[in-house]
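Novice: Just so you know, the sequences run in chain order A and C. If you read the first sequence in our numbering, its first letter stands for residue 2, the second for the next number, and so on. If you read the second sequence in our numbering, its first letter stands for residue 30, the second for the next number, and so on.
Keep in mind that a hint or two might mislead.
Selected chain C positions facing chain A (in silico; Cβ < 10 Å) [stated by the list, open to error]:
id : residue
1  : 56
2  : 60
3  : 65
4  : 86
5  : 94
6  : 99
7  : 101
8  : 103
9  : 108
10 : 110
11 : 165
12 : 169
13 : 170
14 : 171
15 : 173
16 : 176
Simulated from the structure, these hints should not be mistaken for lab results. Think of the CB as a built atom: it goes at the ideal place given N, C-alpha and C, for glycine as much as any other residue.
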Amino acid sequence: MVRLRGAEKVKSTPQVVEWFLSLHPFWQALVRVLLWIGPLFLILPVLIWFERRLLAWFQDRIGPNRVGTITFSKRNEKLPSFLRGRKISLFGLMQSFADITKAMLKEDITPTAVDKFLFVIAPGLFLFPAFLLGATVPWGPIRALTPVADINIGVLFLLAASSLGVYGVVLAGYSSNNKYSLLGGLRSTAQLISYELSMTVSLAGIALATGDLKFTRFVEAQQQGLWGFDSGLANWFIFTPYGFVAAIVFGICMIAETNRPPFDLPEAENELVAGYNTEYTAKKWVLFMMGEYLGMLTYSAVFATVFLGGWHIVPIRWDWVAEHIPALAWPANAFAALEANFAPIWFLLKMSVGICIYIWIRATLPRLRYDQLMNLGWRTLLPIATTNLIVIATWMVVSRVWGAWAGVLAFAISAGLAYVLYRSVNKLAPGQKGNFESRTITMVEPEVVV
Amino acid sequence: MNGIHPTPELALVAGLAGMAALCAVGVVAFSNAIRSALCLVMNFFLLAVLYFTLGAETVGITQVVVYTGAIMVLFLFVIMLLNIGSPSATREEQDWKRPVGILLGMALFVLVGSQILPGLISVTQPGTPDVYGQPQSIGRAIFSLYVVPFEAVSVLLMVGIVGSILLAKRKF
């Protein structure tokens with residue numbers, strides 16, 4: 002956050018931006034990279050603590066709340082009087098530092114039978130795409146500072162980087178020379194390839210609705226009127242019907258892409274010990290964990306940018322309000338300034354939405370079986386995402402030709418048609434089981450023995 | 030070598046190209062199948078970075094998505110499942126195939142080189158036209174000039190998918 006605050010100062014004084022733009026492109030790029038990577042590193046320990054605390058609350062525990070509590074002596078004369086006997090609690094915030102210290106001081110064991118070279122570079126290969134992912138995601142309005150590269154294929158870049166993530170897992174599994182690790186690596190490959198498709202198709206729909214592949218343009222498109230109408234409400238994609246479907250598909254896929262529960266089959270401990278990272282200890286294992294949490298952060302950032310309106314705080318178009326309701330012009334302008342000047346903070350809040358969903362789902366759902374995973378990916382998400390793409394295309398064409406109302410009507414008709422088609426296809430193929438076996442658990446009051 | 034100035038762009042392109050060439054040599058030089066496959070991955074990735082430095086971002090990203098991200102993962106998948114990583118399994122016998130192979134390889138190199146190299150003789154700096162490889166121009170080309178081949182290819186892929194399902198579902 003320290004670096005992000007620095008960015009706001011730059012925003013308030015345009016001369017600094019001019020000076021920044023006069024620098025050599027290399028230094029500009031370096032600053033942009035540091036402005037993205039630095040905050041990620043600073044958030045990481047807090048995220049680990051946050052996850053453990055939140056999980057503990059979900060599971061009716063207390064969680065790590067002790068580390069970092071400083072208790073001052075009651076009798077020591079050298080202490081100032083107001084500190085004597087005082088207790089300063091940090092809510093266990095130091096837990097992550099304790100964890101990391103422990104992991105760093107552990108013995109780093111490399112088993113004899115491993116492929117040494119691949120064994121050492123695999124964690125690095127896992128970390129590399131996690132850093133690469135966010136290179137096109139903007140966290141604020143200043144084009145000079147963010148995103149790292151505003152290339153005109155931003156979404157495709159994200160997909161390409163996430164497809165590289167599989168190498169770290171696969172090579173870790175292979176080089177460990179361990180059957181469990183290899184199985185974990187292979188599972189991960191199948192999982193990542195399957196879910197990448199649905200993710201691509203769901204993002205393709207949003208790109209169609211925007212008319213561009215840049216993330217910065219995504220943010221701009223979400224400041225248009227909701228559903229194509231000229232109103233004060235912003236068109237955040239999560240509030241549009243098609244965007245809502247795409248958001249759900251993308252949300253499931255992003256959990257699968259980061260190997261988080263309930264999609265953590267590559268490291269299913271009841272079947273595979275610890276999957277691809279069975280043979281890893283100490284620092285190398287920490288790198289794997291770091292890659293996973295960085296992936297979580299970056300995908301949450303992408304989710305916030307694509308579906309939750311980027312760095313804007315609320316789905317209200319302040320410029321429209323200021324123009325059409327003169328009585329509210331002053332507060333609207335004030336809010337617009339607030340929005341633009343503290344953009345990184347709003348963006349961080351929106352990232353935390355994605356992170357809370359990650360943790361919430363981890364605490365709620367049990368791990369999927371392998372066949373359930375494949376069924377969900379190929380037979381549920383992919384058809385939904387593809388249908389959604391067609392429906393978005395219909396909406397976009399009709400609303401551009403005949404206006405917003407016709408677009409909504411076309412959407413309703415095409416969505417209804419898709420549903421009827423789905424039902425009739427299901428009718429035509431009787432005897433087909435649903436994609437999921439349903440299992441119910443009956444909760445029974447335990448008999449109390451007196 | 031007149032007309033060639035050592036600019037940073039040229040150094041970057043030359044470095045990337047040299048590394049890509051080294052990786053390409055590594056593909057055939059390593060006796061371990063996994064190492065060869067990884068060299069090919071590196072080669073594809075460096076080629077993508079080369080496209081990036083030339084401003085052809087769409088081509089570069091397609092290279093990463095299709096080759097590095099999908100095809101090579103399947104290669105690795107198969108290599109690992111068959112477990113042919115050990116060098117002894119892939120050793121070849123010394124016989125007449127080797128000189129003939131070298132000869133044919135050289136012939137292919139000359140054939141391809143004679144088509145590509147003449148156009149590059151007068152080139153002294155890396156660079157492409159502004160709109161080269163942009164998503165807009167590629168999309169426009171695909172959906173106007175090459176729309177029939179594009180649709181034909183998609184039908185072909187569809188046939189391939191249906192065929193593979195037919196083969197997989199066949200009862201023996």
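Novice: Which numbered hints turn out to be false for this structure?
Specialist: Hint check: 1, 2, 3, 12, 13, 14, 15, 16 fail, others pass.
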